[in-house]
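Chemist: One letter stands for each residue in the lines below.
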Amino acid sequence: MLRRTLAALVGLAFALPLLWALSSSLRGTGNLGNSLIPADPTLANYLALLTGGFGRAIANSLLVALATVLIGLAISAAAAFGLSAIRFKGQAVVFGLVVLSFLIPFDAIAIPLATLFRDWNLQNTYAGLILPGLGHGLAIFLLRQFFLAIPAELVEAARIDGLGWFGVFARLYLPLSRPALVSAGLTLFIFQWQAYVWPLLIGTDTAHQLGPIALANMRGQFTIDYGQLFAGSVVLTVIPLAIILRFQRQFTQSIATTGLK
Amino acid sequence: MKVALAFLAPALVALLALRLIPAAIAVGSSLRHTSLVTGETSFVGLGNYVTLFDDPTFLQSVKVTLVFSLIVNPLQIAVALALAVLYTQKFAGVRSLRSLVILPIAVPPAVSAAIWSVAYRPDGMLNAVLHVLGIPQQPFLTSPQQALWCLIVLLSWIGVGYWMMFLIAGMQDIPRELYEAAGIDGASAWAKFWHVTLPLLRRPLAFVLVADTVSNFLVFAPVQMLTNGGPQGSTNVTMFDIFTRAYSVGDLNLAQAEVMLLVLVVLAVVIVQFRLLRAKD
Amino acid sequence: MKFYRVIVAATLAGALAACGSGASGGSDGSSGSSGASRAADAAGPIQFVGPEDPKTFAPVIAGFEAKNPGLKVTYTQVPFDQLNTVLQQRLAAKDDSIDVYTVDQPRVAALATRGFLTDLTALTDKVKSAALPGQYEVNVFRDKLWALPIWTSDQFLFYNTELLEKAGVQPPSSDPAKRWTWEQTVEAGKKAQEKAGAQWAVIPEQIEQFYQLQSLAESLGGGSGITGPEMLTPAITTDGWLKAMTWYHGLFANKLAPRGVGSFQTSPLFSEGKVAFFAGGPWDVGTFAAAKGLKWGVAPYPYFQGGKPVTPTGSWSWGVNPASKKQTAAQKFIEYAALDPEGNLQTTQNTTIIPSSKAAFEKYVPLLDAKAKGVGEIMTYDAEHTAVARPRSVGYIQFEDIMTKAFADIRNGADPKARLGQATQEITTAWKQLR
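Chains as they are written, first to last, in my numbering: chain A, 1 to 261; chain B, 1 to 281; chain C, 1 to 435.
Since the hints were made in silico from the structure, they are not lab data. Hints are supplied without guarantee of correctness; some may be wrong.
[Stated by the list, open to error] Example chain B residues on the side facing chain C (calculated, C-beta under 7 Å, incomplete):
(1) G28
(2) L31
(3) S35
(4) L36
(5) K90
(6) A92
(7) Q137
(8) T142
(9) P231
(10) Q232
(11) Y247
(12) V249
(13) G250
(14) D251
Glycine included, C-beta positions come from ideal geometry on N, C-alpha and C.
The following block holds chain A by itself, in its conformation from the complex (with noise of 0.2 Å):
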């Protein structure tokens, strides 16, 4: 009971800010306060959303961020692999070279990025988008450290019973490591979720806006509409929040329950 009571203490301190933001969506005047519960509750902030661009913002923003999320637990999966499972001569430098790109702050390098984004005519394309997302090193440095934990003998009864290098990967590491890979899905697609200053560096047209942006773009030079700002940031928020909520269910299925031990 004195858990539970914790866990609701804590979980609520870490909501309470953002039930903020909801009720202020829901004001009215646009102006701020501190109470948590909106005078004349409206829905007027949500209605003018629906006018703008921010509908198109936000499929775009799905699109670029599932896309990324594919391919790039693909990739960093298969990396992973071949940094945990397979045993090589240079192994620790190319593991080096992974932890080396992630050291790296992507805003710092997005300028020369950019340039040669502009070379390989990727303006205004939703490859340009997504390409960044996809050399993620957290994500292969994150599997990799899940991929570890999975006994080597398991991949050498794998091997005696016929099973290829890709059927070891896709049949047992893959199945094995849904909480992790659920988490470096999440990496991922929180990474575009949240892209904002690359797609204005590479000069990204109003038909591939991503969310992010378009939220910038109520916000005037002069004034700041917070009910429309909030109301935006709650939509905003839904979407990944929803899928959290359904991938939770992934992180209770492992190794330790699945009963290949």
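Chain A is already provided as a structure; the job is to place chains B and C on it using the hints.
Modeler: Frame of chain A, contents of chains B and C only:
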């Protein structure tokens, strides 16, 4: 070897083209200088690096970054670990309560900054809460002594749930029989945590340690939106200093030199972390 | 891969040629005033980048397209907080997908030296005769014209009628000859705090911005903050600057104005009726008029006792990207928006900001005056007599960044003299890098 490379090839191509090649270009750019008066770009060798070590703003940012890192990393990891233990207990509603802690990850950075900047206002929500508790008004972001702590709270609000998620994923991999066996031996909850959970959580914990440290070295968006590095430079972390130089002021060459210095420092820290983790094995 | 790209490029070129033939035909004519020596324009719409909501520029784009059949303009909005960054990067990379872009007036010098603006000197006479006083000069650097003025600005003193009435304070007159001093304003604001329960006495809207705070120092004869033959010597420790910043420091130390509220987050406080006096721009007129239950009036922007009246001014110009392949059409578009009275007025149709063209200004004054009585007279007077622009220097960007931080610190309690001294050093270091 060939098989391993086949698995690694797509990732290596991606990392090379999307991270390492632009980084190499950045190194080249850190060795040049563009004059605004003549408009010409010239090779200056390590000149930009020398300039940085003479610049009090940069030197102060290094100090701020070190203080910040020494506080924020242990704090976030300890809290994430504690919450991971709490939210892997079995009781009704644990999953939805856990989601509440993960929730802040989903919030766009601009929005979390907007929420907290209003909350931290002298007449804002937090002071209203303090007032109810009988605590005097606090200056929060307007005080050089408190601003960095305010950022640490905000960053932990976002980050703790995120890091907790990886630790929970790791805990799910710990076979239940081990706990049952420890239970039969009469081990206390603390002993179970110390002798079963922690050793078996080693690898995910290593990931969280390294990844959290790196990401805290590279954070700048909340600084930009909440404090602009102030008051009196108290929140001017190096990554924000880089951002100011590269983006606001537009001195890309100097900014890239600063990036290289930062990467070197982070690299050194990460190497030490890997060494320590290996020594424990 | 390469082959694929060639096919795509060829298809695209074909498609563009098919639908854009009208555009290139339209710009072949030599109506562009300085495009005669240039190669013919590439096909496709004029691409225009700025920080405003697309609604703002819809009327001027429609007007231009109606007048110039065959020419089209596509507008892309970039969030205001990233505009300078994005332009910097894309212009440096010679990105030809920007033809026309909005230029923050104090940045003209830096953009021109970096080669990010097409020389428009051929239009000098037209701009001189068409623009409001000062609006030609802000676009000139090293004797050449680099951008065309679209908007300018002014600052007013808004007051809360009810709060002043309750406090027994006679509100300031809207007559520019009876301009209040800052001392008077603070006195009256204090009374409103004591007697009428106003939360704040006086708030300058852009509470940490050079745009607004320069006028305080200038009023006391402190200068613009930058001097020297190259305009690369900081001068922010003059008597005027020290006095002005000491007054500014006191504003917050004495709880006349709030700490911890950002530059453009201040106007909601006035809308909510918590503030006696608010120094803000024309854009606030529309906002306050829409605020429910708020009774307010407007007076000229104050000055310091013993000093001279100085008002902030300047806003946005538009320039042409030298890497653009549609130089003729692009110039035609900005000429329409800046110099054609009708076009210039259209840029202000959906936002409350002052047009830079004299003829458009005259038509605009009664429109704004209808929303807030007296504003028109103040605007006309200020434009001719008191407006002082921000300094024109290659180093303005660095200067502004460092000054914003210094203002924030002084506001939060730092000693003005010491902090301005520190800022002087920081600016000197930053400017060394420019050479």
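Chemist: For this structure, which hints from the list above don't hold up?
Modeler: 1, 2, 5, 6 and 7
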